[in-house]
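Asker: Take each chain as given, in its own frame, and dock them per the hints.
Taken in sequence, the protein lines are chains U and R.
According to numbering that gives the first Met the number 0, the first sequence is numbered sequentially starting from 0.
According to numbering that gives the first Met the number 0, the second sequence is numbered sequentially starting from 0.
These are computed hints drawn from the structure, not numbers from a lab.
Check before you lean on any hint, since a few could be wrong.
[Said to hold, decoys possible] The calculated lysine-lysine pairs, modelled on DSSO-like cross-linking and capped at a C-alpha distance of 30 Å, are:
(1) R:K57 / U:K77
(2) U:K76 / R:K21
(3) U:K76 / R:K60
(4) U:K77 / R:K133
(5) U:K178 / R:K133
(6) R:K268 / R:K217
Residue-level listing of the chains:
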Amino acid sequence: MVFFSLLSVVILFFLTYPFVSLMLLADPKLLGFTLSSATIIRALLLTLEAATLSTLILMVFGVPLAYILARFEFRGKKLVEAITDLPLVIPHAVVGIMVLIAFGPKSPFSSILENIGVIIENSFWAIVAVFCFVGAPLLIDCAKDGFASIDPYLEGVARCMGAGAGRTFYTISLPLASKSILTGALLAWARSMSEVGALLIIAYYPKTINVLVIEWFNIYGLRYTVALTLILLSISIIVFVVLRWILRWKH
Amino acid sequence: MDSKVETLIATVNLHLNLGEFKLRGVSVKAANRDYMVILGPSGAGKTLLLECIAGLRKPDKGMILIDGNDVTNLPPEKRELAFLPQNYALWPHMRVFDNIAYPLRCRRVPESEIKRRVKWVSRELEIAHLLNRKPTSLSGGEQQRVALARAMVWEFKAILLDEPTASLDPSLRRSTWKLLRRLHERMGFTAIHVTHDVAEAFALATKSAFMYKGKIVKQGLLNEVLTTAEAVQYLGDTNLMKGKILDTAKGEALVRVADTHIIAVIDGKPGEEVVLSLRPEDIIVLRERRLESSARNILQATVESLELHGPLVLLHTRSGEKLMLKVYVTKSSAEYLKLKPKSKVILCFKASAVKRVV
Numbered sequence: 000m001v002f003f004s005l006l007s008v009v010i011l012f013f014l015t016y017p018f019v020s021l022m023l024l025a026d027p028k029l030l031g032f033t034l035s036s037a038t039i040i041r042a043l044l045l046t047l048e049a050a051t052l053s054t055l056i057l058m059v060f061g062v063p064l065a066y067i068l069a070r071f072e073f074r075g076k077k078l079v080e081a082i083t084d085l086p087l088v089i090p091h092a093v094v095g096i097m098v099l100i101a102f103g104p105k106s107p108f109s110s111i112l113e114n115i116g117v118i119i120e121n122s123f124w125a126i127v128a129v130f131c132f133v134g135a136p137l138l139i140d141c142a143k144d145g146f147a148s149i150d151p152y153l154e155g156v157a158r159c160m161g162a163g164a165g166r167t168f169y170t171i172s173l174p175l176a177s178k179s180i181l182t183g184a185l186l187a188w189a190r191s192m193s194e195v196g197a198l199l200i201i202a203y204y205p206k207t208i209n210v211l212v213i214e215w216f217n218i219y220g221l222r223y224t225v226a227l228t229l230i231l232l233s234i235s236i237i238v239f240v241v242l243r244w245i246l247r248w249k250h
Numbered sequence: 000m001d002s003k004v005e006t007l008i009a010t011v012n013l014h015l016n017l018g019e020f021k022l023r024g025v026s027v028k029a030a031n032r033d034y035m036v037i038l039g040p041s042g043a044g045k046t047l048l049l050e051c052i053a054g055l056r057k058p059d060k061g062m063i064l065i066d067g068n069d070v071t072n073l074p075p076e077k078r079e080l081a082f083l084p085q086n087y088a089l090w091p092h093m094r095v096f097d098n099i100a101y102p103l104r105c106r107r108v109p110e111s112e113i114k115r116r117v118k119w120v121s122r123e124l125e126i127a128h129l130l131n132r133k134p135t136s137l138s139g140g141e142q143q144r145v146a147l148a149r150a151m152v153w154e155f156k157a158i159l160l161d162e163p164t165a166s167l168d169p170s171l172r173r174s175t176w177k178l179l180r181r182l183h184e185r186m187g188f189t190a191i192h193v194t195h196d197v198a199e200a201f202a203l204a205t206k207s208a209f210m211y212k213g214k215i216v217k218q219g220l221l222n223e224v225l226t227t228a229e230a231v232q233y234l235g236d237t238n239l240m241k242g243k244i245l246d247t248a249k250g251e252a253l254v255r256v257a258d259t260h261i262i263a264v265i266d267g268k269p270g271e272e273v274v275l276s277l278r279p280e281d282i283i284v285l286r287e288r289r290l291e292s293s294a295r296n297i298l299q300a301t302v303e304s305l306e307l308h309g310p311l312v313l314l315h316t317r318s319g320e321k322l323m324l325k326v327y328v329t330k331s332s333a334e335y336l337k338l339k340p341k342s343k344v345i346l347c348f349k350a351s352a353v354k355r356v357v
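Next up, chain R with everything else stripped away, as it sits in the complex (with noise of 0.2 Å):
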């Protein structure tokens, strides 16, 4: 790890008991500039442990650090942390631009300042027009927008956002995450952000973790979190795969998906990024490569682990350095091919069988 970034967020141990809802020993850590995505069903205490950082909740147990600095007991506007919950929780007895200005009105900064600060975010979330509205008379998508501005018009640590797109329509979320992409590479702040959504999770994601019944069952890249016993439960066998279409042609495109190549029969532009999905059933497994086959995607892969799901054998293989694949054989093939942990194989799948997510 690079010594120059520190830990920005952490919490250690968090244990909080709220009956339907807890938190049992969370420990998860955001650095400077990471845009961390808690991936996780609804119920394991995403929202809880976000309020927790926040201070709105008092944890029973454990440390919230900012910056190295103990804040557990800490109110929240001594955090310097922007929260914006499911809601928004936008003021509606306030105009717009009174909704984000708030943050700089608290901090006394000078009445043309703030001016201009809201001017400059409104344009950087085209909300520009919107700002003598009231937030009632909004649009979901315009309210997302405006609580957003609200969060960025001040240098805050950090961002923690709650579901920011579960009351959206489907175009709307995925404008969504390209804007916060775009705002999170031009702003750099850093954010800690929870879903249940796992193609949210791949849109968005630089850091990655597993939340699962109130602990965090795994924290790292999204691939590595996706791969544990719990997110596989949770997210069925299905394989997702974030890439970047390099070209199409003859409505198939080249996809660069870690550091190797798929071809799929999906819609697209070059330079899209794009979650792709492929069925582990769809995948055969050979032993050594035949010359011929009506697959158009062929990969090395190598087996990592093997386990047992009644007459089928699920096989996590990995190809290349980065990318994941679960493939189903039948018990008797996995026999005949004599499969084990780190044997070589080879992955064949149809171009078709690959379908676009995001």
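Isolated chain U, as found in the complex (with noise of 0.2 Å):
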């Protein structure tokens, strides 16, 4: 007990010393200057903006996906599952160039994305794109999760008193697995928060915050970055308890 407690401390302290060294490198003028920097506000609403988009066209096109995937079986479920959990596991920078290829300026796709105002290189769109590739499989997932937890005799008896397949999907079963899709939909949005591998390749323009943190890291040095740092820390941190606090409220 005694050793495993030691090697806990040690992991514990790997995990937390990050955060107090930071603080501690912090400048407060240098915050006050990052705070009121008008490069920053402007990639920090550009990157909130593109998260809050893309999170909530996930839920439009991922949630009956996953109600699929929960309720019904058929051939090829499998290969469809694994589709929805595959971004999981690409390198970001591959996301970036796969994203480019498939609907960039130069794949069979451009002329209509264009015709909608949609070019997906070096444009907010572009960065909406990376963002739902890489937050689809949380999403889904915990929405799948969601949906295949509730008792299926709540949805079939509400079809047996007289509600058709939509008013039973939009009284009972979305009520029913609300929380685990705003826990996906939090879990995605957070992901593309920290997105910034497939970034740097499709999108280096207009700047999100976290593509701003590496060029000031490459230009300014490791004092000016530890400011905005802070504020990408916050965010998360705020990210953090508002999901904690929801899983806590489901149970």
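Answerer: Set out below in structure tokens:
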């Protein structure tokens, strides 16, 4: 027990010390400068917007798929599940290349997309596309687990009581899975907020906050970057707290 | 049969194979206002049958008819059958009121009418004080009454009940039977109720069927249903009789059973409905009535059939029109008494041999 405790202390130290060291290095003057910089505010708002929009898009397209996967058996289901999970294991730079080739200006879809004003390279929509790609598995898996954990009789009885399939989905399945869907949405959103690898390839401009962190680190060095990092860290911690709160509320 | 009573719900040669659970050609009928109890051991396919009738499962083969119309391919919401699963399936995110109002909201009943109906049904089921609660905060018995209210708030063509008392303690089960009987008498709904509990069948059934290994072995009146070999094998050879206490005195009760009277040493009040049990070895068989006997019950009966059980013979006898009693005699006494089908016999048993089950 003592030995185990010692090992645990080592890993806990390794996990917490970076936070402390980051705080210690923070320069309040630089923090003020960072918070008032228009470039930073713009990058931050852009990232928040893109992450939120991509999460909403994922909910519209991902929740129905999650419901199908949770409730129906069909040929090729395993393949569909594999496809939805694949983005989790693809290296971020590879995601950038793939999305660029598939939907970028030289792709077969580019003319259709351009007609509706969507260009997937160095644009807001390129960022949204990457965020959707990396966030999809998180949202779909959570929502699927949420739907699968609903007792099928709760839906079946609603049907017997006179509700059609659509009404049953909106009045029974969706509310009962809402906490799981919300958790998945928050995870996908947080995943988007942390994405940088794919963006360096497909959308260096307009600059998201993480691209800016890397750029500042390369140009201004550690001190300026620390201030910027603290802002990102606070956002992450807020999301983390909200997530834990939802999970507790679920039980 | 009365020609005016048309069959309301019928299944015709229903087949479904889910591996462990199977339906193997189930044909069963429930007429308007019947309280049909389908009795059978667990694994017989009772729940599967209800799910097929409700429309939650599609049979591999066969037909389901409601009022003579083929509904086999209709979705559940087009069948107008309320289904009450074993776990009640109340929606945990809705208040009790909204749970009960759900069938009415699906039918776009005006909100004022919804309020009126929910109030009425919740008064009937004594749950008016629970309307603002969430189902998860209710006891098992309360949940069950909410589920019943939801099934009765709208005029469904029938109510399908799957072992509704399985998770309740014995005293609550008996009060549920009373409640269901009272509601059935007052509202006159049609019910198909599946259970593995013969006492429940006795308490509720106006019509019954015995289901075994995915098949309906027999359907009709409960007494007849229980005489089948499969039912005897499942329930054991104990005689079960439903009756009504007519009078009590000195610790004894006079009970009317079918078209005859039995004296039993049981607790109970006049007017109470009871189910009695009597072991077949506690009955003595005579060919002629003897004057002297300490047995308080002496019935005339006819032997219907004889079954050899090792050194014993199981007699199936009928007393009067409806009372079927199983009796054990030894092989030698069966020979001595020259027992064969249609033999007239006298059955004697003590008042203390009769036990009350329900």
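Asker: All hints are to be evaluated individually against the structure, with a verdict given for each.
Answerer: Against the structure, the hints:
1. About 24 Å separates the Cα atoms of K57 (chain R) and K77 (chain U), which keeps this hinted pair within 30 Å; it holds.
2. With a C-alpha separation of about 26 Å, the suggested pairing of K76 (chain U) with K21 (chain R) holds against the 30 Å cut-off.
3. Note on K76 (chain U) and K60 (chain R): the hinted pairing holds, with a Cα-Cα distance of about 27 Å set against a maximum of 30 Å.
4. In summary, the hint linking K77 (chain U) to K133 (chain R) is not supported, as the alpha carbons are separated by about 38 Å, beyond the 30 Å threshold.
5. Our distance criterion of 30 Å between C-alpha atoms is met by K178 (chain U) and K133 (chain R), whose separation comes to about 18 Å.
6. Simply put, K268 (chain R) and K217 (chain R) have alpha-carbon atoms about 34 Å apart, too far for the 30 Å limit, and the pair is violated.
Going through the hint list in order, the structure does not satisfy hints 4, 6.
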